[in-house]
Every structure is written in C-alpha cells, then in structure tokens.
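Chemist: On the provided structure of chain U, position chain C as indicated by the hints.
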Amino acid sequence: MPIDWFPLWLSLKVALLATTIAAALGLWLAWILANRSFRGKEALDAAIALPLVLPPTVLGYYLLVVLGRLSPLGKLYEWLTGSPLVFTWQAAVVAALFHSLPLLVKSARASFESVEPVYEKAARTLGASEWRVFFRVTLPLARRPVMAAAALAFARSMGDFGVTLMIAGNIPGRTQTVSVAIYDAVMAGDAARARLLVLVVSALSLLILTLANRLPPERHGRRPAAQL
Amino acid sequence: MLEARIRKLYPPGPESAAFELDVAFEAGPGFTVLFGASGSGKTLTLDCLAGFVRPEHGRILLDDALLFDAAARVNRPPRQRRCAYVLQSYALFPHMTLRQNLNFAAAGWPRPERQRRVNEAMARFRLADLAGRRPHELSGGQKQRCSIARALLGGRPSAPPGVLLLDEPAQGLDAPLRNDLYAVLRQVRDEVRIPVLLVTHSLEECFALADRMLVLLDGRIARAASPREILDEPGSLPVARLLGAFNLLPAEILSLDPARNRSRLKLASFELQGPYFPGKLIGDHVTLYIRPDQLSLTPRDGRPGPNHAPLDLLQTLSLPSGVRLEFSSGVAVEMKREDLEQWGKVKEWNVGFPADRLRVL
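Quick mapping for you: the protein sequence lines, in order, are chains U and C.
Position 137 (the first sequence) corresponds to 137 in this note's numbering; numbering is contiguous.
Position 15 (the second sequence) corresponds to 15 in this note's numbering; numbering is contiguous.
Extracted from the complex, chain U is given alone in its bound form:
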C-alpha cells in the first residue's frame, strides 16, 4: 500500500509559516517588552504566554468563536480571501502560531534584555537610528538564543494537536496534519501507519533539537566589564 506523506508535508508547511510569522511578530513584541515601559506591559506579557498554559480545547474553542464564519474576524477574512478560515489548512497555521509565538517572545525578550546596554548606547551616540541599533547590534548579539527559540517554536508548531483539531479539523488530504493523522491511524487500527509516522516525527524533532544546540558559538569572547 503506498504511504500517504501528505500529513507530513502539510505539518512542515504549517510549522514553517507559523514560525516565520511568529518570528516577525514575536521579535517586534519582544523588543517592545524589553525596551519600552508602558501601562499593562506585564499584562501583555502574561496574555502572550497564556496559550502555553491553557488547555488546547479551551484555546481552540476561543479561536472557533473569534475566527468562526459568523464572527466579525471570520467574516473579514472571508471577504478578503473569498474562503472561510476555519477548517482549512490556514487555520492550522493560526493554531500553530498560538503555540510558537509565546516561546519566541519569552526567550527573545530575555535575550534582548541580556544584551549589554553599553553596545546599544554606543550605537546611539554614533548616530544610529533605533531601527539600525536593533538590526545591526541588538539582534546579532542576541542571535543565538533567538535562533534556538525559533527552532523550538518550529518543533512545537509541528506537533500541535488539540487546537489544530478544534479549528482546522481532520480532513484527510486537506487539513490533516501529522499529529492528527497519527491519532486517526491509531483510532482506525492502522498500527503500521501510526508507527511509521511516529518514528518519522520523533526523528525530525530530535534533528531540530540537535541543530538548535549546535548553532555556531558566539565568537566574540568575553563581554566587557559591567559599568560602575
């Protein structure tokens, strides 16, 4: 029997998209949380972290309510793209996003805050704009932990089950990601297919973690002494 690899490819596509969006959005949020002070800053931080602790069904239910075909956001999406969001593979991206974003924001904020402020200070006196300070100084110095966080976010996005099932459904060949396909195979008694997918996902996850741990080391030696 030929093996249907569609769920694996879909999962990789979903995880890649979700991680890319989470990186863009997450770095921006992390920069704001690390550099600006405003009312409700810690509340925002907590809100971003909430999906990490909410049960997937609860998060999935909320998303169904917010993004469903009858909700304003759902209607807006349908008007813009011509098709509904829920129960499509794009909904799986949204589900994955809610798991990768908190991971990225949390560790990017911590790594931005751990960059020695003297480097940013020096860059500012040299006439650099905030934009340039971020892309040429802060981000390169925080590169390693940020990339490690992105790898984790990618692995986490690929493995999402509960939220994906709630808002993207389980439509073979359309929205069935690899986690959902494994569940499906087990329920259908197809042990061989379940075993194969489980092994492939395990190997892939292990590979990603190994790569994240073997990122090129920082080559800049010691950090300068703290300022008095």
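What the hints contain is simulated information worked out from the structure, not anything from laboratory work.
Watch out, some of these pointers could steer you wrong.
[To be verified] In silico negatives: residues of chain U with every beta carbon more than 12 Å from chain C:
hint, residue
1, Y119
2, A148
3, I171
4, I208
[Said to hold, decoys possible] Label pairs and their computed distance ranges (CB to CB):
hint, chain 1, residue 1, chain 2, residue 2, range
5, C, S38, U, N35, 24 to 30 Å
6, U, N35, C, A159, 22 to 28 Å
7, U, L70, C, R156, 52 to 58 Å
8, C, A128, U, L80, 53 to 59 Å
9, U, L50, C, A123, 56 to 62 Å
10, U, N35, C, A123, 36 to 42 Å
11, C, A159, U, W28, 53 to 59 Å
12, C, A159, U, L80, 41 to 47 Å
13, C, A159, U, R214, 41 to 47 Å
14, C, H57, U, R214, 51 to 57 Å
15, U, W28, C, E120, 34 to 40 Å
16, C, A128, U, I32, 22 to 28 Å
Values in this document were obtained by computation on a predicted structure and should not be read as measured data.
C-beta: ideal position from N, C-alpha, C; glycine also.
Modeler: Just chain C, lined up with the frame of chain U:
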C-alpha cells in the same frame, strides 16, 4: 564650545541616599578634565550631556545648537547630539571586525567619503594592520584607540562630532599604554580641534592632559582651575583630601602679624612660624597643608631648630620617584632616595617646615 548647566536629583531609595548633581561649566578648545571620586557624578554628567539621562533643570548648548533645555522642553535624542562618546568599557561591537566597527560609525557619510574617512582614521590611530580583527583579539590599548577612532567617525556631514567625551579612558591600561593614550589624545586635540571633556579619578591624568580641571565633589564643582593652580591652592579641605597629595595637619593659630607677614601656629605639642594668613583669626582651629616633598629632614641631635618638629619615624615606603617616610602625628615626608641614604638608618628626626610654604584651610 560646550556650555552646560545641569541639575539632576535622585530621591533617596530604600537602600540608597539621595543624590543631587548640580553643575555648570564650559568646555572650550583643549582638554577639560572632570576629576572626582567614584560616585561623585562624573559618568552621570557625561550621560546627561550625551542624552542618556534627562536632567530636571538646566540647559546644554553645543556650539550654537541647543541639545537640552528643561524650560523650553528641548531634549534631543543621543544620535542628534554630536557628542563623540567613548564609554568606559570601550563598547566595541563584539560581532564586528575593527573595520566594520568603524564603518558602522561612518555610515552617515556618502560611500566614497566614508571609505576615505575610515582609512584615514585607521592610519591616524595605527589600526591599519588590525582591520580584520575582532575586539576580543585586540589588546587594551588597541581597543581604546579603536573606540576613540570610532567615536570621532560618528555623525553625518551636516552634523560632525562637536565634542569628544571620554569616560575614564586610561582605566585598566598599564603605565606605558597610558602614556601612549595621552599622546594619542593630544594628537586628537591638535588635529580634530573639538573640545575634549575627560572624566577621571587620577591626578596623574589631570597633570598629563588637563588645560582646565574641574573638581567634582558630591555632585558639585568644588574648584575649577588649571591642575597646577589647584595643587597650589586646593581652596577647601574636602578638595585637598580628594587630591590626596598633602599632609593635612590640625593646628591652632596663636598669633598673626600682618605688618611683618608672620604668624605662629600650634601643631600638636610644638610651635611653627608661618606667613600671615588673611581672613583667619587668632585662636582659629585650622588645617595646615603642605606637600610631602616640601618638608626637609635632619637627624635629631640635640634640640630642634626653629620650625623643626621632633618626630619619630614609623615606616619608610619606596615610591617610583623616591621614598616616603611616615612619622608619628601623621606627618609624611617625600624625598629623593640619595638624600635619605646620606644619613643612614636613623629613627629620630627633626622635620623642618619651611615657613613660606605653610598654608592653612
């Protein structure tokens, strides 16, 4: 020309006392050195000038541009202040090579001119052979030269650096490298011709560089003059203590004779003759100050002569410039090693206080 009037108040915290910085000064061409102990507000002053700390009151003017004015609510961001600021820890970007560090600073210039400026700076600061190295591959002196070069390359053609700020530039450098740094800084003064404001707690640095020295004491400028003038006349006891270059001895004025420019002082159990001290009264308790190298020594045989105090030697310390002898009653004398060796090992001395050198605070 930099003109600054800054007042910044830090209210007392749970574990820190209140601190107020309240300074007004000008920095013209040449070196202005801000001298003070740690915690006196030196770095804070530089941070206010460069725009990292916002004072509550005051005004900062660089040439004719207003950088900060509390009353008019002007507060330019650091990148628009035209301050070339060399931070205490060099702060070279560790992920860039030396050339990339300089290019980053010169980015405000159009490309052909940028290259010319960077190459020029590398030649001037003897960095040309190090262009491809990263900061952790440089020595302390090289890092320091690179951070000065980088600071001076900042800005844009329409707004080149207008003042060079240096925060403890010689810290962590050993003596030959310090002298090298002073030579580099003098070269900057002569070639770049912008005011240089340097912060330090080293008196040696003030003498090596300062055209004008500002003594910062607890957030206030206690004295402003040339280093030589300040050493001759510290003006107040806290400044004299901070300079650390004097014998400071409690004394009482016994008599004053303006007509003959004379006075008599009681110092512990003996009396000394000095010049007339304007503004002091008989019976005043004063602090006599005299530099250790201005005192003279003779071995004690018989009674001490006039203006000599019989003192016992407690210990002898070697200095690069000679020896320092510490006596009972907290008197220290510094002299050349040869001058001491002619006397041999003696415990009991008469210490001579030259009458015309005595000053009181």
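Chemist: Please go over all the hints and tell whether each is borne out by the structure.
Modeler: Now for the hints, and whether the structure bears them out:
With a cut of 12 Å on Cβ distances, Y119 of chain U falls inside the contact zone with chain C, its closest approach being about 6 Å. Remark: the non-interface label on A148 of chain U is consistent with the geometry, its nearest Cβ contact in chain C lying 17 Å away (cut-off 12 Å). In this structure I171 of chain U is separated from chain C by more than 12 Å, as the shortest Cβ-Cβ distance comes to about 47 Å. At roughly 25 Å from the closest C-beta of chain C, the C-beta of I208 of chain U stays outside 12 Å, upholding its exclusion from the interface.
Between S38 of chain C and N35 of chain U the C-beta distance comes to about 28 Å, which sits within the given range of 24 to 30 Å. Our hint of 22 to 28 Å for N35 of chain U and A159 of chain C holds, since their Cβ atoms are close to 25 Å apart. Restraint check, L70 of chain U to R156 of chain C: a C-beta distance of roughly 55 Å satisfies the suggested window 52 to 58 Å. Checked against the hint of 53 to 59 Å, the pair A128 of chain C and L80 of chain U passes, with Cβ atoms roughly 57 Å apart.
Between L50 of chain U and A123 of chain C, the C-beta spacing of about 58 Å keeps the proposed range 56 to 62 Å intact. Between N35 of chain U and A123 of chain C, the C-beta spacing of about 38 Å keeps the proposed range 36 to 42 Å intact. Evaluation of the 53 to 59 Å hint for A159 of chain C and W28 of chain U yields a failure: the beta carbon distance comes to about 29 Å. For the pair A159 of chain C and L80 of chain U, the supplied restraint of 41 to 47 Å holds, since their beta-carbon distance comes to about 45 Å.
At about 45 Å, the beta-carbon gap between A159 of chain C and R214 of chain U stays in the expected band of 41 to 47 Å. H57 of chain C and R214 of chain U have their C-beta atoms about 55 Å apart, which keeps the hinted 51 to 57 Å range intact. As the Cβ distance of W28 of chain U to E120 of chain C is approximately 39 Å, the hint placing it in 34 to 40 Å holds. A128 of chain C and I32 of chain U have their C-beta atoms about 42 Å apart, which leaves the hinted 22 to 28 Å range violated.
Of the hints listed earlier, those the structure fails to meet are numbers 1, 11, 16, in rising order.
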